[in-house]
Amino acid sequence: MATIVPIAAVRYAPNKIGDMALVVTPPYDVIDTPAQARYYARHPYNIIRLELGQVLPQDDERNNRYSRAANYFARWLEEGILKREDNPAFYLYQQEFTIRNERKIRTGFLCGLKVEEYSQGNILPHEETLSKPKADRLQLLRACRANFSPIFGLYSDPDRQIEQLLWKAAGNRPPDVEFTDENNEIHRLWVITNKQTIKQVQKLMQQRQIFIADGHHRYETSLNFRDEMHSQGLRGYDTVLATLVNLHDDGLVILPTHRLVRNLRQFNLADFKQALTAWFELEVYPTSPNREADLANFLQLMADRRQNRHVFGLYTEEKQLYLLTLRPDVALAEVMDKSRSTAFHQLDVAILDTLVLERILGIGSEQRKNQDNLTYTRDALDAITAVDEGSQQLAFFLNPTRVEEVTAVAKAGDKMPQKSTFFYPKLITGLVINYLE
Numbered sequence: 017m018a019t020i021v022p023i024a025a026v027r028y029a030p031n032k033i034g035d036m037a038l039v040v041t042p043p044y045d046v047i048d049t050p051a052q053a054r055y056y057a058r059h060p061y062n063i064i065r066l067e068l069g070q071v072l073p074q075d076d077e078r079n080n081r082y083s084r085a086a087n088y089f090a091r092w093l094e095e096g097i098l099k100r101e102d103n104p105a106f107y108l109y110q111q112e113f114t115i116r117n118e119r120k121i122r123t124g125f126l127c128g129l130k131v132e133e134y135s136q137g138n139i140l141p142h143e144e145t146l147s148k149p150k151a152d153r154l155q156l157l158r159a160c161r162a163n164f165s166p167i168f169g170l171y172s173d174p175d176r177q178i179e180q181l182l183w184k185a186a187g188n189r190p191p192d193v194e195f196t197d198e199n200n201e202i203h204r205l206w207v208i209t210n211k212q213t214i215k216q217v218q219k220l221m222q223q224r225q226i227f228i229a230d231g232h233h234r235y236e237t238s239l240n241f242r243d244e245m246h247s248q249g250l251r252g253y254d255t256v257l258a259t260l261v262n263l264h265d266d267g268l269v270i271l272p273t274h275r276l277v278r279n280l281r282q283f284n285l286a287d288f289k290q291a292l293t294a295w296f297e298l299e300v301y302p303t304s305p306n307r308e309a310d311l312a313n314f315l316q317l318m319a320d321r322r323q324n325r326h327v328f329g330l331y332t333e334e335k336q337l338y339l340l341t342l343r344p345d346v347a348l349a350e351v352m353d354k355s356r357s358t359a360f361h362q363l364d365v366a367i368l369d370t371l372v373l374e375r376i377l378g379i380g381s382e383q384r385k386n387q388d389n390l391t392y393t394r395d396a397l398d399a400i401t402a403v404d405e406g407s408q409q410l411a412f413f414l415n416p417t418r419v420e421e422v423t424a425v426a427k428a429g430d431k432m433p434q435k436s437t438f439f440y441p442k443l444i445t446g447l448v449i450n451y452l453e
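All you need for my numbering is the position in the sequence shown, starting with 1, plus 16.
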């Protein structure tokens, strides 16, 4: 199955960087321009200069964000800001965070993951990729020959054998790295160099598939880079930096991404509600002046009702919440796209996309991709505010996708709709670097 290898990673030297929180960032794809400027200003050695450098007006083919990243990387290595490990290692990693007023810890480990074609069935994706982000990441990989941020992979280990081996090797020693980031998340890292432990973990992982949770573009970029280098007769270059987390980890959290609809011409709310009754039971949810409490109770009701039914929330311009429950007489195999898997048909987000957005509102896959009529938010209160203010016409609320739904779709060789999963929290960039040279 999956092949993992220890890596002699590059890390920030503790004697040069006192507080790691000053030099790390979230993944590149969630950093907007103001955040990029903030990370640039935070510290002269912030990883942003390598992972997502600024584009300058005078940039050309020779001088650009990628060439600057390569120059910074080489200089920081030379100056000892970044230091390569003496020995190959796995890196036991914890993120401690707060969600819904509860403190949680997610545990995983960083390693090199040997890249291979999805068709081999050992590493499975769950979402489509776009060509533009892959072209960007490939240029960075060509220039620096390093992964500055890990992909996020999931594996199944109900007995937690792998985690137990890593904790045994870590012993009772304090973490090699520990810091609190800007979101009040605590990061802890233990370097595991014990050769016997590494071999045991490798052997256990060879019996398992890996599901890509986050980082599909970076994974496919690493695959393209490997092929590119091999075509030049250069071997190696065949690993991608990965953080692997057990599917059964108590800290594994997926958050929902809610849908907002706008720019619908000649939209009639009464006709829309009538059309919904073809597939859904429509239930008015009573509200009070306390909007925040109402919403919290409404989302909890959605969560409670999902045990054996497909349930959605709807908020309209009449300032009314509705509960939409798929009618028991609706045969999903008949009304959903027959070219898709049974696992896909069972996804709340797929049902909403197909039956409501596409069939009733006429928002097809291209419009969803271009976001002409559809936008996304993870904040349910923001969604309601946007409808109240008139910038959006409708808000749809979803329960979070379950991790077993993600793996079922991946095993079926299918892909999930856009914005189906948000694994929380995001992995940090700059903690461990996989240098391929």
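By construction, these hints were calculated from the structure, which means they are not laboratory data. One or more hints might be untrue.
What follows is a set of in silico ranges between Cβ atoms, one per label pair, in the way DEER data are often shown [to be verified]:
#1 Gln248 - Glu405: 52 to 60 Å
#2 Pro60 - Ser172: 17 to 25 Å
#3 Val346 - Ser381: 38 to 46 Å
#4 Val346 - Arg100: 52 to 60 Å
#5 Glu244 - Lys335: 26 to 34 Å
#6 Gly406 - Gln223: 26 to 34 Å
Backbone N, C-alpha and C define an ideal beta-carbon position, used for all residues, glycine too.
Here is what the structure says about each hint:
no. : hint                        : result
1   : Gln248 - Glu405: 52 to 60 Å : 55 Å, holds
2   : Pro60 - Ser172: 17 to 25 Å  : 43 Å, violated
3   : Val346 - Ser381: 38 to 46 Å : 21 Å, violated
4   : Val346 - Arg100: 52 to 60 Å : 58 Å, holds
5   : Glu244 - Lys335: 26 to 34 Å : 55 Å, violated
6   : Gly406 - Gln223: 26 to 34 Å : 55 Å, violated
Against the hints set out earlier in the document, violations occur for numbers 2, 3, 5, 6.
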